[in-house]
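Letter by letter, the chains look like this.
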Amino acid sequence: MKQRVLWPAAVAAMLALAGCGSATGDEPSSNAASGKLVVWDWKSSDKTATAYVEKAKADFAKKHPGVTVEFVAQPFDQYYTLLGAAIQAGKGPDVMMFNGGGQIRDRVDALVPLDQYVTPDRDRLTGWAAFTRDSKVFAAPVTLQGHPIYFNKNLYKKAGLDPQRPATTWSGFTADCAAITKATKATCFALGNKEGAGIQFFLSAFGSGALSPQEYDDWIAGRRDWNSPHVRQIFQLWKDVEDRGLNSKGGNSTTMFTDAFGIFQAGKATNIIGLMSDIGHWKDFNEFLGPENVGVMKSPVITDGATPSLPFDGGIGYGVAKWTKDPALAADLVRSLTSTEALTAFYTNAGAVVSDTTVKAAEPAVTSLVADLKTGKPALHVALSSKTIELMGRLSQQILDGSVTVDAALKQLGESDRG
Amino acid sequence: MPLGDFTPLSARSALAGRADGAATTARGRRRTGALSGERLSPFVLIAPAVLVIVLFRLWPLLLGVNFSFTGDGERNGAAVGLDNYAELFADPLFLGALRNVAWLVLLLPVAVAIPGMLATFIYLRVPGHRLYRSVYFFPAVLSPVIVGSIFNLLLSFDGPANKLLEALGLGPVDWLGDSDVAMFTVVGVHVWATFGMSLVVFLSGFATLDPALLDAARSDGARLSQVIWHVIIPGLSRTIQFVFVTTMIGMLTSMFGLIYVMTSGGPGGSTYLPEYYIWIQQGQMNRPAFASAASTVLFLVMLVVGLAQVSFLRRTGRED
Numbered sequence: 001m002k003q004r005v006l007w008p009a010a011v012a013a014m015l016a017l018a019g020c021g022s023a024t025g026d027e028p029s030s031n032a033a034s035g036k037l038v039v040w041d042w043k044s045s046d047k048t049a050t051a052y053v054e055k056a057k058a059d060f061a062k063k064h065p066g067v068t069v070e071f072v073a074q075p076f077d078q079y080y081t082l083l084g085a086a087i088q089a090g091k092g093p094d095v096m097m098f099n100g101g102g103q104i105r106d107r108v109d110a111l112v113p114l115d116q117y118v119t120p121d122r123d124r125l126t127g128w129a130a131f132t133r134d135s136k137v138f139a140a141p142v143t144l145q146g147h148p149i150y151f152n153k154n155l156y157k158k159a160g161l162d163p164q165r166p167a168t169t170w171s172g173f174t175a176d177c178a179a180i181t182k183a184t185k186a187t188c189f190a191l192g193n194k195e196g197a198g199i200q201f202f203l204s205a206f207g208s209g210a211l212s213p214q215e216y217d218d219w220i221a222g223r224r225d226w227n228s229p230h231v232r233q234i235f236q237l238w239k240d241v242e243d244r245g246l247n248s249k250g251g252n253s254t255t256m257f258t259d260a261f262g263i264f265q266a267g268k269a270t271n272i273i274g275l276m277s278d279i280g281h282w283k284d285f286n287e288f289l290g291p292e293n294v295g296v297m298k299s300p301v302i303t304d305g306a307t308p309s310l311p312f313d314g315g316i317g318y319g320v321a322k323w324t325k326d327p328a329l330a331a332d333l334v335r336s337l338t339s340t341e342a343l344t345a346f347y348t349n350a351g352a353v354v355s356d357t358t359v360k361a362a363e364p365a366v367t368s369l370v371a372d373l374k375t376g377k378p379a380l381h382v383a384l385s386s387k388t389i390e391l392m393g394r395l396s397q398q399i400l401d402g403s404v405t406v407d408a409a410l411k412q413l414g415e416s417d418r419g
Numbered sequence: 001m002p003l004g005d006f007t008p009l010s011a012r013s014a015l016a017g018r019a020d021g022a023a024t025t026a027r028g029r030r031r032t033g034a035l036s037g038e039r040l041s042p043f044v045l046i047a048p049a050v051l052v053i054v055l056f057r058l059w060p061l062l063l064g065v066n067f068s069f070t071g072d073g074e075r076n077g078a079a080v081g082l083d084n085y086a087e088l089f090a091d092p093l094f095l096g097a098l099r100n101v102a103w104l105v106l107l108l109p110v111a112v113a114i115p116g117m118l119a120t121f122i123y124l125r126v127p128g129h130r131l132y133r134s135v136y137f138f139p140a141v142l143s144p145v146i147v148g149s150i151f152n153l154l155l156s157f158d159g160p161a162n163k164l165l166e167a168l169g170l171g172p173v174d175w176l177g178d179s180d181v182a183m184f185t186v187v188g189v190h191v192w193a194t195f196g197m198s199l200v201v202f203l204s205g206f207a208t209l210d211p212a213l214l215d216a217a218r219s220d221g222a223r224l225s226q227v228i229w230h231v232i233i234p235g236l237s238r239t240i241q242f243v244f245v246t247t248m249i250g251m252l253t254s255m256f257g258l259i260y261v262m263t264s265g266g267p268g269g270s271t272y273l274p275e276y277y278i279w280i281q282q283g284q285m286n287r288p289a290f291a292s293a294a295s296t297v298l299f300l301v302m303l304v305v306g307l308a309q310v311s312f313l314r315r316t317g318r319e320d
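Chains as they are written, first to last, in UniProt numbering: chain A, 1 to 419; chain B, 1 to 320.
Derived by calculation from the structure, the hints in this document are not laboratory data.
One or more of the hints may lead you astray.
[Unchecked claim] Label-pair distances were calculated between CB atoms; the ranges are: (1) B/314 / A/325: 54 to 62 Å; (2) A/85 / B/146: 37 to 45 Å; (3) A/402 / B/52: 32 to 40 Å; (4) A/419 / B/308: 55 to 63 Å; (5) B/314 / A/232: 53 to 61 Å; (6) A/349 / B/256: 33 to 41 Å; (7) A/76 / B/83: 28 to 36 Å; (8) A/360 / B/169: 38 to 46 Å.
[Unchecked claim] Straight-line alpha carbon distances no greater than 27 Å define the calculated DSSO-like cross-link-like pairs of lysine-lysine that follow: (9) B/163 / A/185; (10) B/163 / A/63; (11) B/163 / A/268; (12) A/36 / B/163; (13) A/55 / A/325.
For glycine and all other residues, C-beta sits at the position ideal for the given N, C-alpha and C.
Modelling step: build the complete structure from the supplied sequences, incorporating the hints.
Spelled out as structure tokens, the structure:
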């Protein structure tokens with residue numbers, strides 16, 4: 001008898017609670033000034049990003065004291081899968097982190113154009129192009145990502161070469177490599193192409209040494225000629241470097257992240273095409289080799305008439321979701337996330353080369369990188385769609401193991417790029 | 001009497017029957033009485049289970065199939081007919097993934113024979129059989145990610161496996177970086193990681209084997225190979241079939257983790273399986289509708305394989 005009374009009571013209580021829950025849940029949406037913004041990224045849980053997130057939150061709290069900001073750090077290898085599900089459902093975070101290039105360009109349908117909100121930041125920050133599609137900006141850059149060629153100065157010294165003056169032509173570069181290999185047994189390059197990322201780095205690092213400036217700009221603007229002899233030359237070099245034994249062994253089964261970086265850090269390879277921010281960058285290499293032994297060079301000249309430059313783009317940035325209730329509020333949070341104070345903290349703690357040109361660099365390797373930013377150009381592979389990038393990764397592995405010829409690969413890439 | 005609530009339903013069916021004429025009506029009325037109560041109770045009792053299956057299994061499945069006929073990106077939500085399927089079967093990567101499934105089916109006998117042979121030796125009490133029994137089972141408790149990482153280290157180009165080959169005077173093999181070798185490497189590791197479970201099934205099968213038959217064979221002077229061929233294999237036919245089916249299912253459904261960790265589908269897409277392809281299309285390429293089409297094809301493949309296995313089992317069951 002007692003139970004019969006208790007059950008309806010329990011059900012009624014649950015219904016009442018559920019009612020409460022939904023009522024409180026609706027409240028913030030009706031009052032944007034005291035609402036809550038959810039941010040998705042894969043950085044905020046890193047210890048090195050703690051100060052950055054704190055500074056950004058503080059900056060935003062000054063402007064909008066009533067709004068709470070929640071950072072949800074997703075695992076990076078699942079990030080775009082989770083984001084895809086959120087986009088499909090039409091609801092999810094208000095602000096989200098993106099890699100520049102294909103990853104954001106494929107998803108602009110889910111984003112708010114930010115041009116009207118970020119006008120004051122346009123000159124202070126650099127790297128916008130990677131977050132732009134059809135001349136609309138969809139995210140504000142936080143870090144810069146690029147593909148400098150790092151070299152081990154210590155190995156140069158051991159082979160009797162001058163590390164202050166690395167070779168500026170391809171033949172000089174390979175001659176130096178041969179001398180170093182003879183003296184130290186270190187291979188010319190540390191290669192990791194298990195993820196298919198090795199070719200992206202190779203294409204972008206040596207692109208400016210092979211393409212004419214006009215061809216380079218056309219490529220970035222979307223007029224890509226895959227039949228050009230200079231483009232073919234880059235892919236032929238990719239094969240030749242492997243065939244001539246300049247790469248560390250087993251490139252197809254070595255991960256770029258982080259086995260290939262490990263080979264370079266152990267002094268078993270002279271050069272590596274690394275990154276500017278996040279991982280595999282000057283700060284990581286400094287720790288293992290010592291700051292005095294980490295050198296940075298631009299591509300050697302491969303064909304006459306090429307002017308080598310540092311390939312770089314906006315690395316990661318924050319965009320605003322279409323479904324957010326108040327885009328202006330979310331855009332304000334994006335501006336806080338790219339404030340000078342926050343970015344300075346990010347540079348200091350994580351060693352990222354940040355998008356803010358007013359942040360002063362201190363370390364020697366970064367100084368030379370930052371100096372090259374002025375003449376730098378967007379990286380060649382960033383201009384490609386993620387479909388073509390994925391195909392290029394697979395074909396690059398097949399070129400290395402000899403199951404596809406360079407010409408057949410270029411034909412497929414051309415078709416994928418046009419389609 | 002909660003079942004009383006269902007009387008209106010049967011009354012409705014009787015009403016519908018009336019349209020067919022007087023004879024049907026009379027039959028319908030007679031059925032009304034019989035339908036109420038006990039005859040309805042089984043349907044009521046299975047209703048929750050059926051509802052759960054329909055709601056959480058069949059309905060999403062139909063939604064997925066329906067979704068596969070729509071477009072992605074700019075054509076998001078628009079009906080595109082069979083476009084996704086046409087693209088799928090023109091994609092050499094997907095065809096390669098299906099070809100790899102065929103490889104798995106072909107390699108199945110090897111995957112069954114290994115635990116079968118080892119179980120036989122343990123059953124025949126080779127020296128140290130107690131140790132082997134636990135050692136063989138050990139990998140079965142490791143997650144695919146751990147197994148993949150272990151073998152990544154062992155099989156890396158400058159890893160211990162190649163050092164050993166070098167010591168034997170054989171050239172190094174790029175186990176995971178050569179597109180002709182990688183698929184077999186991954187399948188080999190999968191078999192290593194999972195054969196312990198099949199081994200246990202085989203051992204329990206041996207428990208049902210009549211020892212008198214073995215003794216009789218021995219006293220008739222049968223060699224070991226003859227004992228295995230004429231006594232053990234026929235005696236274990238049901239167990240062997242069961243292991244075939246479970247190993248097949250394991251190969252088709254649980255290799256994602258290994259592939260993800262060991263090769264990421266590479267080199268050159270040579271270790272793609274349909275599951276991995278679906279994941280890439282949905283997660284990396286942002287093409288959920290296209291991924292749905294691939295899922296539908298995988299579902300059909302699994303359906304055919306599953307039905308073939310069920311009929312195979314039923315046929316052999318009848319022989320017994």
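Evaluated hints:
Distance hint for residue 314 of chain B and residue 325 of chain A: a CB-CB separation of about 58 Å, consistent with the stated range 54 to 62 Å. Range check, residue 85 of chain A to residue 146 of chain B: Cβ separation about 27 Å, and the 37 to 45 Å hint is violated. Residue 402 of chain A and residue 52 of chain B have their C-beta atoms about 53 Å apart, which leaves the hinted 32 to 40 Å range violated. Remark: the range hint 55 to 63 Å for residue 419 of chain A to residue 308 of chain B is contradicted by a beta-carbon distance near 37 Å.
A C-beta distance of roughly 59 Å is found between residue 314 of chain B and residue 232 of chain A, which places it inside the suggested range of 53 to 61 Å. In this structure the supplied range 33 to 41 Å holds for residue 349 of chain A paired with residue 256 of chain B, their Cβ-Cβ distance being about 36 Å. With their beta carbons about 32 Å apart, residue 76 of chain A and residue 83 of chain B fall inside the hinted range of 28 to 36 Å. Take residue 360 of chain A and residue 169 of chain B: their Cβ atoms lie about 59 Å apart, and the range 38 to 46 Å is violated.
Straight-line distance between C-alpha atoms of residue 163 of chain B and residue 185 of chain A comes to about 18 Å, which keeps the hinted pair within the 27 Å bound. Proposed proximity of residue 163 of chain B and residue 63 of chain A is contradicted: the alpha carbons are some 62 Å apart, above 27 Å. Straight-line distance between C-alpha atoms of residue 163 of chain B and residue 268 of chain A comes to about 18 Å, which keeps the hinted pair within the 27 Å bound. Pair hint residue 36 of chain A plus residue 163 of chain B does not hold up; C-alpha atoms about 57 Å apart against a cutoff of 27 Å.
At most 27 Å may separate the alpha-carbon atoms for a hinted pair to count; residue 55 of chain A and residue 325 of chain A meet this at roughly 24 Å.
Hint violations for this structure: numbers 2, 3, 4, 8, 10 and 12, all remaining hints satisfied.
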